[in-house]
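Visitor: Chains A and B are the protein sequences, given in the same order. Numbers 1 to 369, taken from the UniProt record's numbering, label the letters of the first sequence in order. Numbers 1 to 369, taken from the UniProt record's numbering, label the letters of the second sequence in order.
Any given hint could turn out to be false.
[Said to hold, decoys possible] Which residues of chain B face chain A? A partial, calculated answer using Cβ under 7 Å:
(1) M191
(2) S198
(3) L317
(4) L354
It should be emphasised that the hints constitute simulated quantities derived from the structure, not laboratory data. All values reported here derive from a predicted model rather than from experimental measurement. The C-beta atom is built at its ideal place from N, Cα and C for all residues, glycine as well.
Number of protein chains: 2
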Amino acid sequence: MSALVPSPVRIIGTGLIGGSLGMALRRSGAEVQVEDVSPGTTALAVELGVGTATTAQDPAPALVVVAAPPDVTARIVADSLGRWPRALVTDVASVKQIVLEGVRHHADPEDLPRYIGAHPMAGREVSGVIAARGDLFQGRPFVVAPHEDTRPEAVSVLKGLAAEIGSVPVVMRPAAHDLAVAHVSHAPQVMSSLLATSLLAPDEAALGLAGQGLRDTTRIADSDPRLWVEILGANAAAVSTVLEEVRARLDDVLAALGTMPGDPDPSVGSRRALAELIADGNRGVRRIPGKHGGATDAFATLTVLVPDRPGELARLLTEIGEIGVNLEDLRLEHELGREVGLAHVAVDAAREDLLTRSLTERGWRVADA
Amino acid sequence: MSALVPSPVRIIGTGLIGGSLGMALRRSGAEVQVEDVSPGTTALAVELGVGTATTAQDPAPALVVVAAPPDVTARIVADSLGRWPRALVTDVASVKQIVLEGVRHHADPEDLPRYIGAHPMAGREVSGVIAARGDLFQGRPFVVAPHEDTRPEAVSVLKGLAAEIGSVPVVMRPAAHDLAVAHVSHAPQVMSSLLATSLLAPDEAALGLAGQGLRDTTRIADSDPRLWVEILGANAAAVSTVLEEVRARLDDVLAALGTMPGDPDPSVGSRRALAELIADGNRGVRRIPGKHGGATDAFATLTVLVPDRPGELARLLTEIGEIGVNLEDLRLEHELGREVGLAHVAVDAAREDLLTRSLTERGWRVADA
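Let the hints inform the model, and build the full structure from the sequences given.
Guide: And the structure:
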């Protein structure tokens with residue numbers, strides 16, 4: 001038995017998130033019942049170890065987790081509140097205010113204190129229970145989003161659940177959550193997709209000049225249209241707020257560029273607008289927390305030349321291990337038409353000198369970056 | 001003596017690019033003379049092995065490479081054409097049309113056939129001769145940008161130089177080059193900076209929800225304002241062309257979002273606009289060539305769970321090597337506050353099944369992605 005999670009837990013909807021949650025909760029000792037609108041999916045979830053199929057004899061759940069698509073979540077939450085009058089009911093939709101409004105609309109007002117929203121901030125490029133993993137939430141933020149009428153103990157229960165599955169609980173109001181994810185997830189998706197859309201125009205020769213910067217900036221543009229229509233539609237107001245600011249700034253940039261039509265001595269004002277864009281961007285990107293929640297500057301990055309043959313990168317990482325330095329991040333730099341790569345190796349800044357010296361002694365070509 | 005590069009080469013301006021070029025050319029056997037407007041920088045460049053300091057007794061250069069800041073490049077090219085009446089003169093500024101116009105303005109028209117633009121597509125997060133490396137251009141595109149009056153043999157000389165330093169020569173007209181880099185480099189920089197600028201608004205709790213997508217999308221936002229004001233200003237027309245399209249599409253997105261103010265059943269039209277944005281972005285990002293110039297679809301990505309301890313990633317890569325599969329790309333996924341990581345391993349799509357099976361047999365947790 002889990003000390004922190006009320007049992008049994010009923011999971012409604014066994015896709016990637018519901019499935020992974022079931023696996024994680026079972027690991028922690030909770031009894032998990034699963035149901036999905038598709039009997040085939042339910043059977044597969046049971047087979048994969050997400051939980052047990054439900055029967056008429058099941059004890060009533062103490063906790064219900066609705067992990068259904070966003071557009072049906074509120075109704076299933078309201079149904080669940082009525083179906084199990086003593087259960088706490090939560091949902092894991094990636095937007096929270098619209099679900100809360102739907103629950104308020106559909107549910108008996110007396111049941112509302114037993115509803116609390118949640119958002120485990122995990123996901124993958126793939127979906128479905130087949131991709132579910134019990135460790136999906138490990139080390140990820142788990143947003144607990146109580147509304148004003150939520151029972152206080154519901155917050156404790158969900159924080160306990162988050163801890164039990166290895167997540168980092170973060171308590172936020174639904175509207176604050178929605179604005180936060182608009183900033184860190186939804187607006188970035190739109191910006192990346194907008195930029196990728198502009199790549200439909202240039203010819204192949206132009207795209208042959210692409211470097212790592214373009215690849216990084218557009219990586220998330222390769223995501224599921226169906227999923228993102230749901231997410232953006234359900235968080236339209238918050239996403240618009242962020243994107244309206246971006247458009248205002250883009251207008252400034254276009255105005256500044258418009259005063260520079262090949263003029264070799266552009267006006268001070270236009271140059272300042274561009275410099276401020278880049279400088280403000282510098283400040284913005286430096287606000288993103290680093291890997292283990294620490295500041296990004298705690299790490300130093302070394303660049304190592306790696307022959308692009310099987311085993312060479314492994315040899316580098318083996319030797320870094322032998323030197324006794326832990327890798328905080330690794331990024332490979334692509335090369336066009338050549339069999340050589342650059343490995344950008346991020347390590348604890350305090351170990352940088354040791355690693356540079358040791359790798360150089362071992363014959364690696366290293367440069368600080 | 002290099003077979004492909006006329007010698008001596010005079011490099012004017014010894015920053016990152018000029019310095020790296022000198023190192024690379026010397027390796028290939030060319031005699032390299034260096035000069036910089038700063039005597040201290042020249043001395044440092046000589047000390048670092050970029051080339052030899054110039055004297056009054058120097059033989060006239062056969063090739064002059066102007067690697068000065070963009071705003072003074074055209075004038076130095078024009079001066080050089082007059083100073084050495086038999087030399088071929090090139091420049092490595094990252095925009096080409098504005099330099100050509102400046103050279104046309106400042107130079108004797110009879111000298112123009114000896115001028116040809118170039119753009120070695122390499123760079124680092126750091127600048128200055130101290131960061132110079134002879135391998136900076138290895139495997140990178142090297143744009144050779146002749147104008148209509150350039151001598152045909154100048155194109156051959158620069159293609160030979162590009163090959164000599166390990167680059168992949170690409171011949172483009174100056175205007176085509178500028179539009180290409182607006183697409184693959186300058187517009188991505190503006191979009192990344194715009195997005196990063198929007199991160200100045202949210203509070204720390206919101207930024208704590210950031211994942212890898214935001215990190216990738218904003219990585220290049222951490223770049224030098226001074227440098228980028230020069231680049232964007234010098235390529236204002238082409239960058240505006242790309243960004244105007246982006247703004248038009250952003251307006252469509254905002255209009256679509258505006259018709260979805262929390263409405264659980266948004267209109268078909270709005271949903272379609274969002275779905276098309278993401279779908280067009282999918283198509284755009286898939287046009288970016290892969291690592292060795294091949295199409296991205298030739299690779300498959302596996303996701304492997306890796307304990308975040310020294311040696312574990314190395315062990316994974318060693319075993320991938322043992323299985324006999326070459327790694328095409330590797331990306332590590334960060335976790336907040338937890339010692340576990342996901343390695344996204346890209347391999348030849350034809351080897352995907354073998355690798356998945358073999359790694360699973362060896363006890364690794366693998367999921368397709």
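Visitor: Find the hints from earlier in the document that the structure breaks and name them by number, from lowest to highest.
Guide: Per hint list: single violation, 4.
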